[in-house]
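Trainee: Here's the letter readout for the chains.
2 protein chains.
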Amino acid sequence: MTSRIPAQVGMALAEVETPALLIDLDALERNVDCLASDLASSDVRVRTHAKTHKCPAIARLQIAAGAVGVCCQTVGEAEIMAYGGIDDVLVTNVVVDPAKILRLAALARLCRVGVCVDDESNVNALDDAAERMGVGLQVLVEIDVGSEQCGIAPDDALSLGRTITECRRLRFGGLQAYHGRAQHLRTHQEREAAVKRAIDLVKRAAAILERGGIECETITGAGTGTYPIEVESRLYTEIQPGSYVFMDADYAKNRNRDGTAFDRFENSLFVWTTVVSRPTPDRAIVNAGNKTVSIDSGMPLVYGVPQATYVGAADEHGRLVLSPTDETLAVGEKVRLVPGHCDPTVNLFDWYVGYRGDRVECLWPIEARGASI
Amino acid sequence: MTSRIPAQVGMALAEVETPALLIDLDALERNVDCLASDLASSDVRVRTHAKTHKCPAIARLQIAAGAVGVCCQTVGEAEIMAYGGIDDVLVTNVVVDPAKILRLAALARLCRVGVCVDDESNVNALDDAAERMGVGLQVLVEIDVGSEQCGIAPDDALSLGRTITECRRLRFGGLQAYHGRAQHLRTHQEREAAVKRAIDLVKRAAAILERGGIECETITGAGTGTYPIEVESRLYTEIQPGSYVFMDADYAKNRNRDGTAFDRFENSLFVWTTVVSRPTPDRAIVNAGNKTVSIDSGMPLVYGVPQATYVGAADEHGRLVLSPTDETLAVGEKVRLVPGHCDPTVNLFDWYVGYRGDRVECLWPIEARGASI
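Residue numbers (our numbering), protein chains in the order written: chain A, 19 to 391; chain B, 19 to 391.
Treat each hint with caution, since some may be false.
Derived CB-CB ranges, DEER-like [stated by the list, open to error]: (1) B/Gly322 x A/Ala225: 42 to 48 Å; (2) A/Arg204 x B/Thr346: 33 to 39 Å; (3) A/Gln325 x B/Glu345: 55 to 61 Å; (4) B/Arg377 x A/Gly350: 46 to 52 Å; (5) B/Thr346 x A/Ser59: 48 to 54 Å; (6) B/Glu228 x A/Arg204: 55 to 61 Å; (7) B/Val329 x A/Asp105: 51 to 57 Å; (8) A/Gly152 x B/Thr346: 46 to 52 Å.
No lab work stands behind these hints, which were simulated from the structure alone. The beta carbon of each residue, even a glycine, is placed where N, CA and C say it ideally should be.
Please put together the full structure from these sequences, using the hints given.
Mentor: Below, the structure written as C-alpha cells:
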C-alpha cells in the first residue's frame, strides 16, 4: 500500500535500491513477439493471462501483438484490466460471492466480460445480476480436465449448458478446459499425455452438448507449458498463456530436461538483490527472502552466477552457498535472482522496474497486486 | 497498491468479501495482555517485532501494554513505524545499501534508531551517514547464534565493538543474538538445547568485549517460540517476540506436541475464504490459495472444521479434502483458515478486518506491506 517508488527513469540499474522487481524489456518484448509469431499461421486466438503480470501496461503490449483480450482469475483483476483500457476480459474462474457477481455484471457495462461456471445455482445468480445491470455476460462451462480444482465432469455439461441457454442475459460461450497441473510436468511426454487426456474429456463434453443442440463457439485453456499441444489438437479455439512473458526457475527446469520445448522464451523477470553479509567464505546472505521471492515452486536461481546456489529463504533473507575459494559476491554487490515461480513473486511487489541495457527505462505499477477480491 | 477496502465498520462478518485477512480482536488483545503479564515480574524489556504485523496500530497496542518499542527488519518498516508514532525502533538487521543507510540516519532525527552490524566497513558507512545527518545511532553487533544467516562469530566481537566505540556518531549498544531457527523446532527440549547453545555463544562474546573494556548494555533476541528460555537465562535484557499476537498453524504444531508450552497464546489471525466449488463429494475448493495464504511453512488449517484438510494451494485456489459423507462446506459458505505462517501471509494483504463477535469493528491498514526496501 505504501508504494515507495523504487527507482527513477534514466538511472543506472546499479543504483536501483534492492529488493526490486526488474523486467529486462528487450527479453520481455522478444517473448511477446515470439508467441505472436508462433501463432501467426494458426487460427487459434491468444488470450494472455493477466494473473501473471497484473499490469495493464503489459496487457496492452500483448494485445498490440495480437492477443484478443486477457484472462483474469479474480473480479478485482478484471476491474483493473478494464479500467486500464482492456476491452475484452474473461474471468477464468467461478465467481460466487453475491457482491462479486454484481461487480462483474457492472463491469460488463464497460467492456466485454466472460466468466466460468460449474454449478447450476451460480448460473441463476449471474443471470439475475446481469438483468439488474442490464448487461450481457458470456458464460463458459468449466470442465475439470485433470487439475482437480473447480469444474464439472464432461457428462454434466449438457444440463449446465441448457440452464445457461435458457437465461435472459447469459450467452453460452463454450468450454473452459485449462489443465493447470500439466503446465509444470517435467517432460514433454508427460505433458503431452496429460493434455491428450484433457482433449478426450473436452471432445466428450463438446459432443454431448452438440447432440443437445448447443454449439461450443469457444474452447479455451492451455498455458505456457503446453499450448503447442492444444494448438496442434485443432480442438482448442483459444489459448491462455501467462508465464511466457517472464518465465521462471520452475519452467527453466523443464527447459533443461526437454532440450527445445521451452527454448523459445527467455527469463525477463528478476528480483534485484544485494549481498548484505558474507559471514563465512562459503555463505552469502542476500536481502531477498520469502517476502520478495516466492518459494512455493522451489528456490530462485542466481542469474549469471552459476557457482552460487540459493539454498534457503528466511522472510527477509536468502542464503547462498558457494565454493569457499570463490571471491565473487562481496558485501554490497547486487545480483539478479530468477524467481522459482513468477506469478506469486509478482504479487509481492507494487512496481516493475523496466530496464534496457544498464539503464532504467520505465516504472510500471502492478495495479492488480493483491487484487484477490 | 489498489487498495479496495474489503469491509465497512459495523457490517456483519458474514458479509465481508473474501479472501480477507481477519483479526479476532478479543483474541489479539488477550495475546497482548498475556505477554505483558508473563513479563510483569521480570526486568527483561519487551521490544515486539513489527515484521509480523507491519501495522502501527498494533504496535501502539503493544507499547500501551509495556513494550519499550519495536523491532523492524527493513528501513522501510522502520520509517512506517516512526511515521505512525513509534519513537523507539531497532532494525534487527544489517543495512548495506548506501541509500538505505542515509534513510536510516535521517529517521534518527525523528525517533530513537538502532541497527545491527556484522562488518567493519559497514560501521564506517553508518557513522558517515549519521555525521551527515547530525544524529546518533545505536549499533548492536549481530552474533550468529545458530540461524546461519547474518552475524559474526563471538571471537570477532571485540574488533567490531572497538570500531563502533571509536566512531563519532555511533553508540555501541550491545549484542543482537536472535536464534530464528530455534523458534520453530518441534519440541521444548530441542528449542531449549538450541537456545542454550546460543546463550553460550553470547556469554563468550560478552566476556570478550568486557575484557576489552566494552560493556553490553543490551543483549536482545528471542521470539515467540523460545522467549521463556531466554528470559530465564538472566542474560538477555530484551526479547523480540512477534508471532505471539497472531500465532499460526506452524506454531500450533508445536503446541500439539508440547502440551503447555504454547497454550498461552491463541490464534487471532485468519484468512476469510469462500467455498467456490464442490466438484466432488470429497473435494471443496476455496478462493484462498498461494497468493493469499503463505505455504512456506506448511498448509493452513480450516478453523473449526477439523474434518476438512487443506491439501493443496494453487495461486488463487485452495483444495480441501473431506469425507465423502460430510455435508458441510456448501458452495457459498465462508470459513476461516489459520495460515501456516503468519508473517508472509500478512505481507499479502493491504488491510486487516478486525472483528469482535460477529461484527466488523475496525479496518487497519497494513502500512508496511511490501516495505522490503
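Trainee: State for each hint whether it applies.
Mentor: Status of the hints after comparison with the structure:
One distance hint, 42 to 48 Å for the beta-carbon pair glycine 322 of chain B and alanine 225 of chain A, holds here, with the actual separation near 44 Å. A hinted range of 33 to 39 Å holds for the C-beta pair arginine 204 of chain A and threonine 346 of chain B, which are about 37 Å apart. Our hint of 55 to 61 Å for glutamine 325 of chain A and glutamate 345 of chain B holds, since their Cβ atoms are close to 57 Å apart. Hint check: arginine 377 of chain B to glycine 350 of chain A, Cβ distance near 51 Å, so the stated range 46 to 52 Å holds.
At about 52 Å, the CB distance of threonine 346 of chain B to serine 59 of chain A agrees with the hint of 48 to 54 Å. With their beta carbons about 57 Å apart, glutamate 228 of chain B and arginine 204 of chain A fall inside the hinted range of 55 to 61 Å. Between valine 329 of chain B and aspartate 105 of chain A the CB atoms are about 39 Å apart, so this pair departs from the stated range of 51 to 57 Å. Separated by about 37 Å at the C-beta atoms, glycine 152 of chain A and threonine 346 of chain B break the suggested range of 46 to 52 Å.
The structure is inconsistent with the numbered hints 7 and 8, although it conforms to all the rest.
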